[in-house]
Amino acid sequence: MARAVKTQRKLINTAVAWAIGLVIFFPILWTILTSFKTEAQAIASPPIFLGFDWTLENYAIVQERSDYMRFLWNSVIIAGGSTLLGLIVAVPAAWSMAFVPSKRTKDILLWMLSTKMLPAVGVLYPIYLICIELGVLDNRVALVVILMLINLPIIVWMLYTYFREIPGEILEAARMDGATLKEELLYILTPMAIPGIASTMLLNFILAWNEAFWTLNLTAVDAAPLTAFIASYSSPEGLFFAKLSAASTMAIAPILILGWFSQKQLVRGLTFGAVK
Amino acid sequence: MGRIQLKQVTKSFGDVEVIPPLDLTIEDGEFTVFVGPSGCGKSTLLRLIAGLEDITSGHIEIDGKDATDVVPAKRGLAMVFQSYALYPHMSVRKNIAFPMKMAGMDKAEQDRRIEAAAKALNLTDYLDRRPGQLSGGQRQRVAIGRAIVREPAAFLFDEPLSNLDAALRVGMRMEISELHKKLDTTMIYVTHDQVEAMTMADKIVVLQAGVIEQVGSPLELYHSPRNTFVAGFIGSPKMNLIGGAEAQKHGAHTIGVRPEHIDVVDADAGEWTGTVGVAEHLGSDTFFHINGTGLADTITVRAPGEVSFNHGDPIGLNPRAELIHKFDAQGLRIE
Chain P
2 MARAVKTQRK LINTAVAWAI GLVIFFPILW TILTSFKTEA QAIASPPIFL
52 GFDWTLENYA IVQERSDYMR FLWNSVIIAG GSTLLGLIVA VPAAWSMAFV
102 PSKRTKDILL WMLSTKMLPA VGVLYPIYLI CIELGVLDNR VALVVILMLI
152 NLPIIVWMLY TYFREIPGEI LEAARMDGAT LKEELLYILT PMAIPGIAST
202 MLLNFILAWN EAFWTLNLTA VDAAPLTAFI ASYSSPEGLF FAKLSAASTM
252 AIAPILILGW FSQKQLVRGL TFGAVK
Chain R
1263 MGRIQLKQVT KSFGDVEVIP PLDLTIEDGE FTVFVGPSGC GKSTLLRLIA
1313 GLEDITSGHI EIDGKDATDV VPAKRGLAMV FQSYALYPHM SVRKNIAFPM
1363 KMAGMDKAEQ DRRIEAAAKA LNLTDYLDRR PGQLSGGQRQ RVAIGRAIVR
1413 EPAAFLFDEP LSNLDAALRV GMRMEISELH KKLDTTMIYV THDQVEAMTM
1463 ADKIVVLQAG VIEQVGSPLE LYHSPRNTFV AGFIGSPKMN LIGGAEAQKH
1513 GAHTIGVRPE HIDVVDADAG EWTGTVGVAE HLGSDTFFHI NGTGLADTIT
1563 VRAPGEVSFN HGDPIGLNPR AELIHKFDAQ GLRIE
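Which chain is which? The protein sequence lines are P and R, in order.
Start counting the first sequence at 2; every next residue gets the next number (my numbering).
Start counting the second sequence at 1263; every next residue gets the next number (my numbering).
Next comes chain P alone, as it looks inside the complex:
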């Protein structure tokens, strides 16, 4: 009897989970479907789900009208650059906080997180002015630095919780076994921390890739990444839903594929420390 209830419950849970998953995924699915419609079908009422004339024409037009590759390249540089720079800063910071904590370590961590509570628009004006002053508006390097700073608290927190899981006794054992600090880092710490570093890297890359507020406000042409590419299809010439959808699909495709192949890492990284 108890078993029957359990199976039923499982079925309900599975159904609910799928339903929620579909609701979340639906906008993306709709965008992808719309990108294969003609403009007329895209705004047809009632909306057409699958029974439309599939066409690739939107993709051709989008590709023709704007240089997709340039936007893609900017996205790669900005997301990749800010991630690498962030790791260079965050790894030593998280090491020291995890393994040689001081009395203020907790305060520093909380303070770092508190910067994320500030709405980004609150510092737009000063940062915009600084960029003008330094002559780095619409500049990829400036965006790399800004996005690195924006995501740094999250990277440090993730790495910190990850490093904390490495038992101190293992490091002490390495010290007893004759490992120097360099060897301890190279043979013991890094191999044990690689999954954590990888999932942190991945999440940060996705966050930086999807970042729109700063990229839209601080770029025009030269440094504009894919988020700006999508935005350029939204307003002035009226609404071209099919083309906008095609642009969006092209913009999210690389990160979607990356995310799909690294699901396991991502989930592990995001839930790390949650279950203790």
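A couple of the hints might just be wrong.
As the list claims (entries may be wrong) - Far from chain P, by Cβ distances over 12 Å, these chain R residues were calculated:
#, residue
1, V1280
2, R1309
3, N1357
4, F1360
5, D1420
6, E1482
To be verified - List of simulated lysine-lysine pairs, PhoX-like, C-alpha gap at most 20 Å:
#, chain 1, residue 1, chain 2, residue 2
7, R, K1588, R, K1500
8, R, K1356, P, K183
9, R, K1363, P, K183
10, P, K183, R, K1336
FYI, nobody ran anything at the bench for these hints, they're computed from the structure.
In this text, a Cβ means the ideal position worked out from N, Cα and C, and glycines have one as well.
Given chain P, work out where chain R should sit, using these hints.
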């Protein structure tokens, strides 16, 4: 060689002095056990010898050479941790090889020592597994293997058996004792379990609050505990400590009688009388916990297995006069 001397060693964490000035000599080849209740500083003392903690003042000498400021790796000591502290991303073979690799030992020699250690510790079939695929006892053996291959001046064990189940613990205890006889190397072993201390040690160091209460062989500690703390800590079940008028009759502030030194008789024939509270039948022995003697809350008696008294029965007790320990008001032994 592995003669370790601590001279006026102290350790403080911030303002808290956990080890007041302490002197101790551990002779070469000796199996020394540090024993004491949790928080008595025994693990800290071991970590000071290992070099994992810096001493606050004093000197540590290993084989006559000052090792106070020598890094752990250069002290020539190997340590086995309570959590085993194996490298989870390496195979058993690589775990055991790690200290030799760090020492830059030649590969053929490494392999020879790994094979020898694996054979001695029954690990030959597991050399290519990861620590995560091993049982607790096997992991402990790997940790010991990793320590052996270095041929250290001394082994340091930090409560190595406390994560194992009772049956395995008895087995590993004997394996470590055999290992000591075979290698004849100095071993320092930390435990809170006085049975481990009694069964394995050449020399026991009883610690309380960072202070050495007594140093001696297991039987010395058993037969002539220096004070009431050692008297109560060494021996199982614990020694009965009795104060008041009964102690004064013997010219002492406190007297101590071990449970095995009290004979059980009928209630009317006993020097002391009481009623049986709990009777624990172990088969070979029976432990009686006696209430209402007017001497202490409970008196524990170890009687032969076939002696039969039940809960609530009146019972008579005859302590063996020549085996009564006497202590003064400071808790120190009176000879």
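Quiz item: Looking back at the hints listed earlier, which ones does the structure fail to meet?
Solution: Of the numbered hints, 2, 3, 4, 5 do not hold.
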